[in-house]
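S.K.: Mind docking these for me? Both chains are given alone in their own frames, and the hints should help you get the complex.
These protein sequences, in sequence, are chains Y and U. For the first sequence, the positions run 1 to 123 when our numbering is used. For the second sequence, the positions run 1 to 166 when our numbering is used.
Honestly, the hints are just simulated from the structure, not real lab data. We put the beta carbon where it would ideally sit given N, CA and C, even for glycine. Be aware that a few hints might be false.
Footprint (simulated), chain U over chain Y, 3 or more residues, beta carbon under 8 Å [what the hints assert, rightly or not]: (1) 15-21; (2) 27-34; (3) 83-89.
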Amino acid sequence: MATFPSLAPRTRSLSLGDIPQQVYKGTSGGEVRFKQGSAYVAQRLTLGYEYLAESEAQQILDHYAGQEGSLIPFDVSAAVWGGYTTPPVSAASYKWRYAGAFDVSIASPRRYNLTVELETVPI
Amino acid sequence: MAFPALIPSARTYVPGNVPQVQQIALSGSTVSYRQGNRRVEQTLQLAFNNISEADLNLIKAHYLAQDGSYGIFYLSAEVWNGYTTPPVPLLSDYAWRYASAPVITDGSCDLWSVEVELTTYAIDFSDLIFDAGGAAASPARTYILDAGAASATPARNYVINSGASR
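Pulled out of the complex, with its shape left as it was, chain U reads as follows (with noise of 0.2 Å):
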């Protein structure tokens, strides 16, 4: 279930690190060591100045949809909105979850201000196939994202949105 397509207001990017730990001796040179190949941490505050009740409604509903921070989700396109390429792109080995509960506080007249607190969480790319278009029918995928125009085997397990796919 991708976060609501609303545009927000404000929008804080933070692109994160590699996980590493670094060791500095006494005299002040540097040793670090990766400890992961996937960027932690990425984290983005989005801020919907008065929103109406409907729309306040969409993101308390996704994100009671998502257990509060258990789940992982997609953004919408609108959520990068005026980016050409997104920093992070909308489907790739990176997916969301919430990183706090999300504020809600009154605004003018009977409309309403949401601040929502973003983190990205590294999934594992090698069972996914993110639009699968010509791609070959074997070997058999457990998840098929945006299946394009795929041929309809082998049978996939999970589907979401099948696009042309027979």
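So here's chain Y without its partners, still in its complex pose (with noise of 0.2 Å):
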């Protein structure tokens, strides 16, 4: 399981999920609500990087064929929660993996940007 590269994003964005749960609503707009899990699902988090250099989003493109895209789960690197002082997804309670594919875009000659899309998976 290989580590998602070392590189911090230009612009991070986190959904903290939602308790897996069934719920039941009635005409007049009541609901019942049943919890089927107690870990969160689908917490997401959208890295943004740009003007990477080519070895740089190499290291992105590797790590994700590594992980045979959406695959396998992995750990995220310090530099990806750069700024927090404490991460807010335990890496004790939740690995990741890509939600999906991800495009290249060139931003200028020889520099790239692309948008990562990761999602938890509760251990």
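M.R.: The structure is reproduced here in structure tokens:
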């Protein structure tokens, strides 16, 4: 399991996910909910990288290939959580996997932009 | 557990609607059938811009304590900062729940922005007493929020903020 490359993102957005639950809604609008688990699912981390050198973009592409796309979960590096005193998602409880493929676009000659979307996998 | 006492940078309130079914005839005339007497889908969108990690952690901890969108809660007065009378009273027969997961984005230098969307949840008013004040001791209450100066009997199963009660 390879840790995500140690590259600080330019932009970062975290959605905290939710507890899996079944919701039954009456015609009056009243609801009954049943929890179906205790771990949060669908926590999403969107990392934006801008003006990466080719070698840096290649690190992420290689990592994506190494994880067989969205198949194999992994840890994220401390650089991803730069600025936080305590990362908002505990590495002891969750790993990450790619939520899907990502685009690599050209920002300027020999510089690349890409946005990676990751999703938690409860351990 | 009330929502953290943080004043939002931006706030959007949608007053919802009474649940109803409308049937429109070919002539255009409308008949509406009310399906409940409590407004549903009142939503409140809150944006907290450039807050510290400590404040961010207050919101995150609250979200986790509510088990995401599962649990219900009341708002703090700070959320309605600027209103003389909040459009939804702080303690009323409407509680709130998270409509979606909070989204945390990076703000300026080591500060964060958080967007939160809440929706109301109509609670059963019949077994709740809000501020018992000088209410009589009977009948027995199962739940009391803010007992105020109510007498110590009968015993309450749940008392949140017992106030001046003995």
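S.K.: How does the coverage statement for the segment 27-34 of chain Y fare against chain U, requiring three or more residues with Cβ below 8 Å from a Cβ of that chain?
M.R.: Holds: 6 residues of the segment 27-34 of chain Y have a Cβ under 8 Å from chain U.
S.K.: Confirm or reject the coverage of the segment 15-21 of chain Y by chain U under the rule of 3 or more residues with a beta carbon closer than 8 Å to the chain's beta carbons.
M.R.: That given contact holds, which follows from 6 residues of the segment 15-21 of chain Y lying within Cβ reach (below 8 Å) of chain U.
S.K.: Counting residues of the segment 83-89 of chain Y whose CB is closer than 8 Å to a CB in chain U, do you get three or more?
M.R.: Since three or more residues must qualify, the claim that chain U covers the segment 83-89 of chain Y holds, with 5 doing so at under 8 Å.
In summary, this structure violates none of the numbered hints.
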